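Peer 1: All chains should be built: construct the whole structure from the sequences, respecting the hints.
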Amino acid sequence: MKLARVTGTVVSTIKYDKYQGIKLLKVRHLDLALQETGEEMVALDAAQAGIGDIVLVNNDGGAAQMILEDKALVAGLTVCGVVDSFTCQGKTTHCHG
Amino acid sequence: MIIGRVVGTVVCSVKTQTLEGLKLMVVRRLVNGQEKELMIAGDGTRQAGIGDTVYMIGRLEAALQIDMSNPPPVDLTISGIVDPETL
Numbered sequence: 001m002k003l004a005r006v007t008g009t010v011v012s013t014i015k016y017d018k019y020q021g022i023k024l025l026k027v028r029h030l031d032l033a034l035q036e037t038g039e040e041m042v043a044l045d046a047a048q049a050g051i052g053d054i055v056l057v058n059n060d061g062g063a064a065q066m067i068l069e070d071k072a073l074v075a076g077l078t079v080c081g082v083v084d085s086f087t088c089q090g091k092t093t094h095c096h097g
Numbered sequence: 001m002i003i004g005r006v007v008g009t010v011v012c013s014v015k016t017q018t019l020e021g022l023k024l025m026v027v028r029r030l031v032n033g034q035e036k037e038l039m040i041a042g043d044g045t046r047q048a049g050i051g052d053t054v055y056m057i058g059r060l061e062a063a064l065q066i067d068m069s070n071p072p073p074v075d076l077t078i079s080g081i082v083d084p085e086t087l
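Those protein sequences? They're chains A and B, same order as listed.
Sequential numbering from 1 applies to the first sequence in the working numbering.
Sequential numbering from 1 applies to the second sequence in the working numbering.
Simulated from the structure, these hints should not be mistaken for laboratory data.
All values reported here derive from a predicted model rather than from experimental measurement.
Keep in mind that a hint or two might mislead.
Think about it this way: if two alpha-carbon atoms lie no more than 27 Å apart in a straight line, the pair counts; the simulated BS3-like pairs of lysine-lysine are [claimed, not checked]:
| id | chain 1 | residue 1 | chain 2 | residue 2 |
| --- | --- | --- | --- | --- |
| 1 | A | 18 | A | 2 |
| 2 | A | 23 | A | 91 |
| 3 | B | 36 | A | 26 |
| 4 | B | 23 | A | 2 |
| 5 | A | 71 | A | 18 |
| 6 | A | 26 | A | 2 |
| 7 | A | 2 | A | 91 |
| 8 | A | 26 | A | 71 |
| 9 | A | 91 | B | 23 |
Chain B stretches covered by chain A per the calculated footprint, using a threshold of three residues with CB under 8 Å from any CB of chain A [to be verified]:
| id | segment |
| --- | --- |
| 10 | 8-22 |
| 11 | 39-47 |
| 12 | 54-62 |
| 13 | 78-86 |
Even for Gly, the Cβ is constructed at its ideal location relative to N, Cα and C.
Peer 2: Here it is as structure tokens:
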């Protein structure tokens, strides 16, 4: 899994049917200094994340099936947690507010 | 899933049998709003048109989203179209 920030939401009426009812978020991966790296991508929300939240994203199809409890779901990037804080080499970073 | 804009279609009269009936679209990849390389994606929504902003899934999931029981040999599939007025 990786750290990411939610940068927006995606409104999409025409989509893969299994995505009906699942919120779609725009996320960008973060480094440990919470700087955005890489490109903005679309992820399924499984953690009620909001715009600006620091989240955990998982990029595995099997994990998406487990998280969203649907064996027939085919998905990739999934937001599976909202991070409160993380500690690295003794330094704690708080992610709220 | 990565973001792109549909810029064209691909017509192949001779192709792998499992690709029959699947529309292949030419998509300009968008990286943080910047236009990047062209890609070919299978149209999972079957409703994507030129000019649509779409999000696409890759790897094995691309083929499974088209048809889980008889997956075609695609490595990129349009999973959905972003509603135009919300861009």
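Peer 1: Given the proposed pairing of residue 18 of chain A with residue 2 of chain A, does the C-alpha separation stay at or below 27 Å?
Peer 2: 24 Å, holds
Peer 1: Establish whether the coverage given for the segment 78-86 of chain B by chain A is satisfied; the threshold is a Cβ-Cβ distance below 8 Å, and no fewer than three residues must meet it.
Peer 2: Coverage by chain A holds here, the residue count being 6 at a Cβ distance below 8 Å.
Peer 1: Regarding the pair residue 36 of chain B and residue 26 of chain A, is the alpha-carbon distance no greater than 27 Å?
Peer 2: 18 Å, holds
Peer 1: For a C-alpha distance cap of 27 Å, please report whether residue 26 of chain A and residue 2 of chain A respect it.
Peer 2: The given pair, whose Cα atoms are some 14 Å apart, holds under the 27 Å limit.
Peer 1: Need the status of pair residue 71 of chain A, residue 18 of chain A: alpha-carbon distance at most 27 Å?
Peer 2: Measuring from Cα to Cα gives roughly 11 Å; hence the hint holds.
Peer 1: Taking 8 Å as the Cβ threshold, is the statement that the segment 39-47 of chain B is covered by chain A upheld or broken by the three-residue rule?
Peer 2: holds (count 3)
Peer 1: What's the verdict on residue 91 of chain A and residue 23 of chain B, does the C-alpha distance respect the 27 Å limit or exceed it?
Peer 2: With Cα atoms ~51 Å apart, residue 91 of chain A and residue 23 of chain B exceed 27 Å; violated.
Peer 1: Does residue 23 of chain A pair with residue 91 of chain A here, judged by a C-alpha cut-off of 27 Å?
Peer 2: 33 Å, violated
Peer 1: For residue 26 of chain A and residue 71 of chain A, compute the direct alpha-carbon distance and say whether it is at most 27 Å.
Peer 2: Within the cut-off at roughly 24 Å; holds.
Peer 1: Quick one: see if chain A covers the segment 54-62 of chain B, three-plus residues with Cβ-Cβ under 8 Å.
Peer 2: Contact hint for the segment 54-62 of chain B vs chain A: holds, 6 residues under 8 Å.
Peer 1: Just to be careful, I want the Cα atoms of residue 2 of chain A and residue 91 of chain A compared with a cutoff of 27 Å; is the pair within it?
Peer 2: 18 Å, holds
Peer 1: If you look at each residue in the segment 8-22 of chain B, do at least three have a Cβ nearer than 8 Å to any Cβ of chain A?
Peer 2: violated (count 0)
When each numbered hint is compared with the structure, violations occur for hints 2, 4, 9, 10.
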